[in-house]
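A.B. asks: Could you put the whole structure together from the sequences, leaning on the hints where they help?
In case you want the letters, here they are:
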Amino acid sequence: MSDLQSPAPSAGQVTEDAPTVATAAANAPSAAASTGRSLLPQSTLLRHLVLLLLGAVAAVVLLEITDPFTNSQLATLSYYAIAAGGLTVLTGMNGQISLGHGALMAVGAYTTALLLQEPADALPLPLILLISVVTTTAVGALVGVAAARLHGPYLAGATLALAVGLPGLAVYFHDQLGGEQGLRVRAPRAPESFESFIDLVSGASASSTKWLAYVGAICLLITYFLLANLVRSRIGRTWRAVRDQDVAAELAGINLGAWRVLAFVVSAAAAGLAGGVLALVVRLAAPSGFTLVLSLSLLTAIVIGGLGSLLGALLGSALLVFLPPFVTDLGTGSGLSSTEAAQLAPFVYGVVLIVAMIFAPAGFVGTIRMRWLTQKAKRSAGRAAPADSSRG
Amino acid sequence: MSYFVNVTLTGLTQGMIYAAFALALVLIWRSTRIVNFAQGSMAAATTFIALALVQAGWSYWLALVVALASGFVLGAIIERVIIRPVEGGNELNAVIVALGLFVALQAGIAIVFGSSFQSFPAPFGLEGFSVGDRRIALTPNGIYIIGAVIVTMLLLVALFRFTRVGLAMRASAFSQEVSRLLGVKVGGMLTLGWGLAAVVGSLAGLLIAGGGFVYPAYMDSLIVFGFVAAIIGGLDSPVGAIVGGLILGLALSYISGYAPRGSSLVTISALVILMVVLLVRPGGLFSSTTARRA
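For the record, the sequence lines run as chains A and B. The first sequence maps to residues 49 to 440 in the numbering used here. The second sequence maps to residues 33 to 326 in the numbering used here.
Among the hints, a few may not be true.
Quick list of the computed label-pair ranges, beta carbon to beta carbon [claimed, not checked]:
#1 A:Arg331 - B:Arg293: 48 to 54 angstroms
#2 B:Arg293 - A:Leu94: 37 to 43 angstroms
#3 B:Ser295 - A:Thr118: 39 to 45 angstroms
#4 A:Arg419 - B:Ile109: 32 to 38 angstroms
#5 A:Phe117 - B:Tyr35: 52 to 58 angstroms
#6 B:Tyr290 - A:Gly227: 18 to 24 angstroms
#7 A:Glu228 - B:Leu158: 25 to 31 angstroms
#8 A:Thr387 - B:Leu199: 46 to 52 angstroms
Facing chain B, from chain A, some residues (calculated, C-beta under 10 angstroms) [unchecked claim]:
#9 Pro201
#10 Ala211
#11 Ala218
#12 Pro239
Everything labelled a hint here was simulated from the structure, so no lab data went into it. It should be emphasised that the depicted structure is a prediction, and the values quoted were computed from it without experimental measurement. The beta-carbon is built from N, C-alpha and C at its ideal position, and this holds for glycine as well.
C.D. replies: Encoded structure:
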């Protein structure tokens with residue numbers, strides 16, 4: 049991101065270098081790690097395991113106390129959040145923008161849809177999702193090799209072409225991929241153990257909507273657990289080094305290209321899983337489901353939440369799911385027709401993207417964390433000053 | 033043979049439109065180092081303004097002038113209000129702002145003008161000329177498209193070469209600090225540059241709409257083609273943008289005309305062409321820069 053050799057021409061006035069500071073704040077170790085005053089364990093793995101467990105409990109409670117409609121909304125949230133999590137690792141951690149994640153989701157969704165065309169339950173669901181992830185990872189590696197040489201607007205343009213172009217292949221391979229109509233997906237039936245589990249927890253009926261919501265939640269938790277560990281590991285640190293100081297990173301012996309490709313591959317794997325879950329939840333894989341707007345929505349989610357923060361990606365995805373119905377209601381309430389009101393949500397996304405980038409480039413999580421860090425710095429400075437004077 | 037000629041002629045006409053659109057991107061890139069991903073939506077907005085005027089009974093030419101003028105105003109306002117705060121900062125932020133603008137404008141068009149397909153009038157006939165007893169794919173409207181783009185380009189060349197404003201614009205694109213020291217109002221030049229680019233982009237939008245259908249997202253593929261054409265030309269060079277547009281137009285026309293079911297392969301081939309160009313010559317075919325850009 050920071051290009052040392054060719055300083056960008058400054059226009060009008062010199063803008064403050066907020067974004068770098070902001071992403072740094074978003075990526076700072078969490079409160080628990082730095083202060084040691086928290087209840088969470090010190091070890092990264094243990095801390096994430098505890099969070100995973102808490103997340104699982106929260107997911108079960110949330111899915112059991114809400115109605116079926118909210119359940120399906122939460123299923124939608126899960127695939128947005130999985131894809132946004134992958135994208136935030138790519139864009140926030142490694143500084144590569146991708147507008148092509150909608151297309152990568154399409155790869156995952158079509159793979160899942162094709163595998164589910166088989167009569168009866170030929171393959172177990174986890175295996176199907178795993179195959180989708182592997183396929184998308186392969187495509188992602190291919191794109192990543194090309195993307196590793198590009199940066200900024202070039203990368204944005206190339207991935208934009210991917211997002212617009214790839215769904216066209218579904219039309220070209222009409223016989224296999226179903227053309228414009230797409231492939232219908234027969235949702236797999238829930239296993240018996242799930243029914244008895246639901247019976248045990250709440251005694252509610254174990255509908256197929258609920259099963260899919262659980263599948264989404266499980267995938268989401270696993271993805272975020274893996275990504276969180278990755279980000280806090282040597283790999284995550286190397287990505288940040290590549291993002292912030294590419295020349296220094298290269299001098300330190302880091303192979304920039306290989307690490308950029310790796311970031312893209314990890315991100316593509318998440319997008320593939322998200323696509324698989326999408327195919328299950330929507331029960332359709334069609335070109336119209338993977339428009340440019342999908343890719344741009346994912347970008348909106350991670351920018352609003354805060355680039356580089358998994359929590360931010362989750363919050364941003366929640367906004368993608370719960371904002372449109374709210375805005376659409378507002379629109380129809382103020383006299384717009386339903387088709388016009390449906391366009392209000394993307395309109396709001398766009399405006400929010402612009403406003404967020406101009407006024408709070410750190411996003412929601414980043415801004416709050418930055419506040420918190422400044423407060424802490426002030427407090428420690430306040431404590432240090434009297435100590436110095438007493439000594440002198 | 034006549035099929036080949038027809039495919040070539042179609043490619044040239046399409047290529048001219050891509051060239052105009054790529055030129056709009058290059059104009060903005062040269063002055064502010066931003067790829068304006070919102071160009072397509074901006075052009076769609078002015079096209080819909082023209083369509084509304086035509087439907088209200090205005091003549092095509094009057095609507096064209098009003099649409100181009102509104103394109104200028106739109107471009108200038110966007111530069112001043114939205115782009116100025118992110119200019120010269122982190123390049124990712126500028127890209128994201130442009131994308132936000134892209135989404136917001138497209139949705140705004142759908143809210144104001146509706147999202148259904150509407151036919152857009154062409155000022156000239158859409159029947160091909162006859163050569164002997166054969167009909168070729170060159171239509172009066174096609175000649176109008178080629179002519180309009182060439183005239184616009186000549187006007188731009190004249191502006192940049194022979195006027196003081198053009199000199200000031202070139203100076204501020206070359207070095208903002210030096211220009212400011214020499215008394216050029218760089219901010220104003222950037223606004224003017226965005227306005228002009230929006231006019232060229234709007235023209236491309238109006239030309240491609242002529243005789244076809246328009247809907248809020250009808251420019252989505254054109255932004256990809258325009259970007260690819262600009263990259264082939266190196267993003268920095270107006271001549272490169274035009275040549276890139278023509279190369280792309282011809283290539284896509286041949287693919288669409290000769291490959292089986294080629295029309296559904298057009299956008300993906302643009303992606304392949306883009307990738308090949310970026311991997312072989314990351315700076316584009318016409319770049320003169322030695323610094324790494326891609």
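A.B. asks: Next, verify each hint and record whether it holds.
C.D. replies: Hints versus structure:
no. : hint                                    : in the structure
1   : A:Arg331 - B:Arg293: 48 to 54 angstroms : violated, 28 angstroms
2   : B:Arg293 - A:Leu94: 37 to 43 angstroms  : violated, 56 angstroms
3   : B:Ser295 - A:Thr118: 39 to 45 angstroms : holds, 43 angstroms
4   : A:Arg419 - B:Ile109: 32 to 38 angstroms : holds, 33 angstroms
5   : A:Phe117 - B:Tyr35: 52 to 58 angstroms  : holds, 56 angstroms
6   : B:Tyr290 - A:Gly227: 18 to 24 angstroms : holds, 22 angstroms
7   : A:Glu228 - B:Leu158: 25 to 31 angstroms : holds, 26 angstroms
8   : A:Thr387 - B:Leu199: 46 to 52 angstroms : holds, 49 angstroms
9   : Pro201                                  : holds, 4 angstroms
10  : Ala211                                  : holds, 9 angstroms
11  : Ala218                                  : holds, 9 angstroms
12  : Pro239                                  : violated, 39 angstroms
Consistency note: the structure conflicts with the earlier hints numbered 1, 2, 12.
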